[in-house]
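K.L.:
Residue numbers (full-length UniProt numbering), protein chains in the order written: chain A, 1 to 137; chain B, 1 to 499; chain C, 1 to 777; chain D, 1 to 104; chain E, 1 to 113; chain F, 1 to 162; chain G, 1 to 139.
Keep in mind that the hints were calculated from the coordinates and are not lab data.
A hint or two may mislead.
In silico lysine-lysine, DSS-like type, Cα no more than 25 Å apart, as pairs [what the hints assert, rightly or not]:
id, chain 1, residue 1, chain 2, residue 2
1, B, K357, B, K440
2, F, K98, F, K146
3, C, K534, B, K423
4, C, K537, B, K423
5, C, K534, B, K440
6, B, K357, C, K477
7, B, K423, B, K440
8, B, K423, B, K357
9, F, K126, F, K146
10, F, K98, F, K126
Letter by letter, the chains look like this.
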Amino acid sequence: MEALLALTIGVLVATAVYLMLARNVLRFIFGLVLISNAANLTIFVAGRLTAGAPPLIPEGAKAPVGEVANALPQALVLTAIVIGFGLFAFALVLMFRAYTHLGTLYSDDMQVAEPRSTASTPSHLTKDTQMTERPAE
Amino acid sequence: MSWYLATPLVLPFLTAVLSFLMRFGVWGRWISVGGNALLLIAATLLMVEVLGAGVVAGQMGSWAAPFGITLVADYLSAVMVVITAITALAVSIYALADIDARKEHLGYHALFNVLIGGVIGAFLTGDLFNLYVWFEVMLISSFGLLVLGGSRAQIDGGVRYVVLNLISTILFLTSIGLLYGMTGTLNMADIARVLPSVENQPLVTVIAMMFMVAFGVKAAVFPLFFWLPAAYHTPAFSVSAVFAGLLTKVGVYALIRMFTLIFDHDVGFTHQILLWVAALTMITGVLGAAAQNDIRKILSFHIVSQIGYMIMGLALMTPLALVGAVFYLVHHIIVKANLFLIAGVVERTTGSTDLSKIGGLYRTAPLLAILFFVPAFSLAGFPPLSGFWAKYVLITAALETHGWIIAAVALLVGLLTIFSMTKIWAEAFWKHHPAGIDPKLTTLSPAERRALLLPIAALAGLTLIIGFFPQPFISFAETAAEQLLDPSAYLTAVLGGQA
Amino acid sequence: MADPQHTQTSSQAGWIGLVPAVLSLALFAAFASQLPAIAAGDVQRLVWEWVPALGISLSFLLDGLSLTFALLISGIGGMVFLYANTYLAGHPQLTRFMLFLTGFMLAMLGLVLADNLIALFVFWELTTITSYLLIGFGHATENGRRSALQALFVTGAGALALLAGFILLGITAGTFEISALMAQGDTLRAHALYLPILILIIAGTFTKSAQFPFHFWLPNAMAAPTPVSAFLHSATMVKAGVYLMARLYPTLSGTDVWFWTLTIAGAFTALFASVLALRQTDLKQALAYTTLMALGTLTLFLGQSSSYAITGFVTFLVVHSLYKAALFLVVGCIDHATGSRDAETLGGLGRAMPVTAAAAALAALSMAGLPPFLGFIGKELLYAGILALDAKVLIFAAALIASNVLMFAVAGIVALRPFWGRAHGVPPRAPTEAPLFMLIGPVILGALGLMLGLFPAGLQTALVDPAVASLLGQDTKAKTLTLWHGVNLPLILSGATIAAGVMLYLTHRPARAALVWLDDRTPSFDAGWDRFLKGLKALAAWQTRYLQTGVLRNYIAATLATVLVAIAGTMFARNAWPQMPDISDASWPLIAICLFTCAGAVMTALTSSRIAAMAALGVVGIGVALVFIVFSAPDVAITQLLVETLVVVLVAVALLRLPLLDQNGRDTRPRDAALAIGLGATVTAVILAVLEAPLDRRLTSFFETASWPEAFGRNIVNVILVDFRALDTFGEIAVVVIAALSAYALLRATSPAPNTPPRDTPTRQIATPSRAERSNS
Amino acid sequence: MSELISAALILLGGLMVAAAGVGIWRLPDVFTRMHAATKVGTLGSGLIMAGTAVHFGDPAILLRCGLIVFFLLLTAPIGAHMIGRAALRLGVPLWQASTPDTKR
Amino acid sequence: MTSLTAPDIALMVSLGLVFCGIGLAFLRLSLGPTMPDRVVALDKMTVSIVAFCGLAAIWSGDAAFLDVALVLALVGFLATVALARFAERAVIRRNRAAINTSATTNEGETDHE
Amino acid sequence: MNTLVANIFLTLIWVLFFGGFTWLTALSGLAVGYAILWLLQPLKGAPSSYFRRVWYWARLIVMFHYELLVSSLQVLWDIFTPTHLSNPAIIEMPLDVKTDAGILLTTNLISLTPGTLSIDVSEDRKTLILHVMFADDPDAVRQQLKQGMERWVIDAVEGDMT
Amino acid sequence: MNSIILQVGTRYLAGILILFSLYMLLRGHNEPGGGFIGGLIGSTGFILYALACGTAQARAALHIMPQNIAVAGLGIALLAGIAAALFGDALFTGQWLFLNATEDSKGLPLSTVLIFDIGVYLVVFGAILSIVFAMEEEI
Ligand code: NA
Ligand code: NA
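In isolation and in its complexed conformation, chain A is listed as follows:
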């Protein structure tokens, strides 16, 4: 079971990395969501898997009955999910702002903090930016 999830995590990581390397920072955000999921799953799997037994203590018992799933990684993952959401929300807003203020979602074209000479701008950029739509007014 764990091995299968390890493979799934691998796929998540691979797709996330592929997205993160895209020119459009929005894709980076998507990659971020995927790789956060992969990290959460990694913690979850690292705590080993137990099917069908949530870590709850039934009424009347002092401890869980029988072997239940490892609660600690669950708590960690929960924390990580919420933190990940916070980071994601900020990152999304940032990319949004980048678009409204820098006029592009292409990281190659954001040249304010680290300006480069226009001569070195690859020619394909001009072509691709034509694919962008006009932002909403």
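The hints should help you fit chains B, C, D, E, F and G with the ligands onto chain A, whose structure is shown.
P.N.:
For chains B, C, D, E, F and G with the ligands alone, kept in the frame of chain A given last:
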């Protein structure tokens, strides 16, 4: 006495909450200053306690060690907390004149104080996942502070900063999960205790490398530093000062902690790599600085370069080398934060930080010249300023272990640092202002001058004190290094009888 | 290169310079009071602990050598202060100047008195810094800044080598105390690290003392005001290197390396510098090159082991300091009075400036080595020393004699011609005699050259004997200083030198023209400095362009590649690969869920439709939530689903103003795919490897048993969150709060979004009518 | 007995869910697909919830299942309405859109 | 689960059917062709997960999973609403843009996607 | 009055959440419900009297489930038959139901019964736009809905008004 | 633009969501739920409100700026942790008071842990709303 540990951690958050809720009006900023003054007192009390006891540990929630979260302060942690408190107080005073009401309304004080809380948490925690949490606290508040002005450059810099730091964060989280999967515990002392009995030692090295990369991004080492020069020159000056002083140092601290306490099983591999990383970091950073023409960009690249020195101390892993690393950490926080603060005053008086557009400060603002000279030449390693002792100890450590190349690199980079610092000096201070302006401090209001110059002068004074009277600091660092190399006291304090 | 104060000369000297003058003269007196004791063979030490943890103390050693230097520094210093107080009177930065100069003097004294290598180094660097500030006194000019940087950089570079040398020496000997090192000379010379130590230390001393090929900074340092040149760049600081070689003479000298290095470098520097001195027309530059010559000579003599050579060294040191300081001050007087330092044009100033002329004459005659001046005694000893050279290589002797010939001519050019020669032009101002305070120094120093020449015995017993003893030990006696040795080879050589010198002086104009012609056609070290700086900047720029490209994608790729290399490389290097995974135990629902999740991920990566990407993200979120459900994590699953929902909501809101995804905006597909697959595979491998060993569940076991009885909660996950690990949760909610504040600030910090389309938006859109448009119409 | 009822209910529910899937896959336009998704899917889920309630036989769980169904019934049509509205305004073409009453 | 009883079989079969439903919805999601199609598919998936939670509760014997279903039933449609609104807004914006720009040019956006 | 009903309604749900009646849950439910209603004041405007129409409600619920089952089969048939027999169309239907609750209930129930789907309500609340799968005779569909579902809802929710 | 159906539906759903979120909060210590989940659900209630009726109305309904709610939540959570100091315990040591405790049941538990969870709830609730509202207002 867990409250010695808890108070410095709790205070910044309390300050953040109160100053945010009172952010309209003048209360917020004074709460921030007052809170940080209290923080300094609390940090000092902790330091006194640590000086007495060696290592102080406290179990949060009263749950015994590997089960709950332990806060622990050895010499290294304690001094980092104190330095953080000093920096925080200095910057919060500076912010009185640097941060406008609009930024305050948007929550500057909350962001700033939570950042400080995150930094202190990272220094004090004895729990790996908790360390992750504090890293996140720092990270997100630094994101907020970075873009608080909302300018185009800040947003662009923010994108770079955020994107690259998020990668590191995810890697860190994954690494923690995997290490938990191998050891079944999150308490750092407990991990250190358990790890030698893990069968698959090669895998431990792999995990160690994952941590190295994750913290390497935070510490901005080669080849993971790109985010730093891309972003650190964009925010408000008090913000970049606290970034420059503290944030990367937390990465260095984490590297030191992890690679002395936990990952000392394969020193021949991991620390050898660290040594190369250190050398390349020093060189690329200092060359990067040489290529810049803006004060903050120069200073930013120098952070990278200086980080290399600290990593060098860790990589050499001898008692003296760790003394050097610890001393360097302390020295660099004070000096680099101060330089960024000064850059802010330079910008206020001359109108820019672009060296080609400014000048004339030497003639008409001699006080500022002196205040710049001290940290700048300390950074360049001139004796008897604090930076000299830091470099001296590290180079001695390198030469003692016959690390000729790293010693040569450290020396050479020191030379190139002189080059950059004198460039700022020559352009911003010696040269006449190209626009014919006489940049005087008196263009600032008296209140502004007080708020801006007091922290700068205090930090410069600290630099001088460390420089002229290094003995207590060095011997302190010696004890810190001993504790790092022999963590038995740390383990006993955290785990009690289990160690 | 006129000093900046020329236009604002004031005859009224302030009081500010008198303070350091009094201070230095008091110090001089204090040192002088030690003369009898030191002459009696006493050696005084004073020790303060400084950094005992590192074996560094503030220890001072007063013996013949250090006393000689200390007297020169404080004595000449006092006169320079008096001089400068008038010379720079009225200058707005006079206070600063005096402060730096006082700082320099104290540092210099510390340097020569220090008995601890590291303390010595500290003072060494303090002289570097103060010298930097003093050279940069003319900071308004590009050239002033350049010269200051050059001096700082070259001597700073040497200093770093020196530091390494000191550290190695300290490590090898186990002490930094120079007095303790002296006793270890034999051991150290036999040590494997001797050669590196020597090379490093010599690198430091050569740069400081401007030995070839590090000489070029010194003439440029003449950008500093004349008192600075007189004090730092002739009398004291540049001699720090020489001092250090002398100081370590008992410890390091006597080997072949020592001998050859110092001899060759010294001789070459002396000859080379004196030739260049002849080439100069600026009086100060000419003096600067003669200083180089003197430094070369001193170095050459330090290379030797004969008593003649060392006596010559000490004597010449004193001689040179006296006349050179005097001459610099004289040149300053000329400059001050006339506004010119041009040797070509100046002449006939003797009438207007008689006292200055007299002082100049005294100094010049000493420099020229004519009897009965101390310079003559010095030269005699030099020649005796040459003849006692350890290797009888004629060329060194020839070099030294040739440079003395040149010196003679230069002395005439610099100190005689401006006063008694014919003027070839009109200086900017009519000359007047220098003020009193500017004359005290040159006169006293010039007179001292004569006095000591006439009565050398006092100098002998007070300074030369103890100083030589410091180098050679108490057993070896210094040679006797006397004007008349009888007719011997040195005397004959002196005569020849004078004759040749006179000849050269008379023909110096054509000689100079020839030198100028030659100099213009040989590579210049000074230009080399510019090339070095340019190269450094180019290297820095190239490296920065290459690494800090400004292209975020490159940063991301580099970071991720580092991650890949770190993990995969270590797995290779340490052979940490896992076994082949066994997935036969997976149930089919799990397989389905995993496939579903993977499909969502792949779709997110490959789609170019925004809404499809959003929905695919939702699919992945749901898939992961299903995993949490299957493996008994209801809390996590709920959170995951809620967060996933919020992600979709937020993205949907944000996308309303964001453009379409690009169809194929990727020019690095192979690289990206390779990185992606590599990282995915590696992460899988690491996880599999981690999972091979069983997990120690003692933490969880504790939580399970303590959750209800001690923490009163049945939901163990929640109890962990709010109790066992509440601190984590607290940090986490801090993250959430700050994320919200940050996002809010980001949205509100900027003025409401601009109504105009952003800058980079192309105005032209591709004209493809959408289906929606068609069906609408 | 209750086990069999439960089994029947979840089987039926499963069939409904699958059928909704088929519907969403096979039906010709977005509106018709919405018919399948909204009601057949909701019905299927509701049936499975009923089966679950029967399986446990616990009043508390019954209540919870009832709430789930109630919430599904409350939200699913609203969601469908939103999608349909969007589709309508987007001008998504209607399959066989030839009926005279068709507006827009 | 060595000996399968009728309810177990029913559970497994139902589980399989639910997966089929989800899988088919996923196909629709990936194929589109219009924006609302994808939203419908996602909505359908969410509802199916509710069913899955019920089955999981039976399978594990733990009612905790019903809480997941409860949350999803209440909150799941929020995503649908948001996405639908997104689609709808896109139209308004496109129409506005069509008015603003000349009649011949058209936005590159294909809101159907 | 309306608020009170809503409050009781919320209290009921609260008690249901906790899976059993206790005074504590009831009281806290009242308090919580009150707080929520106060929070949601801008949305105020709840159904009028409530208890009087229990009967109509019962009818509504039963009829709704009947409709649901019957027409589900119709859609299922169309899904699984190789050719699509349906003749879908978008039609408009005038609305008699006035109150918010009535509109919501009507539209939701129409949506939930297969074959019909509420797409939108016009701004003036007078017209409902529907998608109908079997629209061979739109008027018949309209008629059926008005006399069926809408009638039942009006009876249940707004009996006083008609 | 505004959908009547959605607005009317929201009237009921928003209330139910907030109610449900409080329920999840209060029972979280013993069953799935807790401050996070509660806060997330609670925020969806107001998000729905904002989507249906606009942020202005949603903000009016909320009465307090969501950021202030979030920060106050952080303060409450912190105070719950600091409260331990009053009892001489370490930071975040849970302090419990059981009302009407009998030997069978522990009665009604009141605890700093619950206060902490309430703080968590408020943080999540306020934080998400401040982001979503601000973002909505950008459109
Ligand atoms: Na950082
Ligand atoms: Na540096």
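K.L.:
Each hint: holds or not?
P.N.:
Results of checking the hints against the structure:
Between the alpha carbons of K357(B) and K440(B) the distance comes to roughly 16 Å, so the proposed pair stays at or under 25 Å and holds. Proximity of K98(F) to K146(F) is assessed by CA-CA distance (about 13 Å); at most 25 Å being required, the pair is judged to hold. Taking the CA atoms of K534(C) and K423(B), the gap is near 14 Å; set against the 25 Å cutoff, the hint holds. Proposed proximity of K537(C) and K423(B) is supported: the alpha carbons are some 12 Å apart, at most 25 Å.
Proximity of K534(C) to K440(B) is assessed by CA-CA distance (about 33 Å); at most 25 Å being required, the pair is judged violated. Of the supplied pair hints, the one linking K357(B) and K477(C) is violated, its CA atoms being roughly 63 Å apart against a limit of 25 Å. For a cut-off of 25 Å, the pair hint linking K423(B) to K440(B) stands: about 21 Å separates their Cα positions. Between K423(B) and K357(B) the alpha-carbon distance is near 14 Å, which keeps this suggested pair within the 25 Å criterion.
At most 25 Å may separate the alpha-carbon atoms for a hinted pair to count; K126(F) and K146(F) meet this at roughly 13 Å. With a C-alpha separation of about 8 Å, the suggested pair K98(F) and K126(F) falls inside the 25 Å cut-off, and the hint holds.
Violation of the numbered hints given earlier is confined to hints 5 and 6; the remaining hints are satisfied by the structure.
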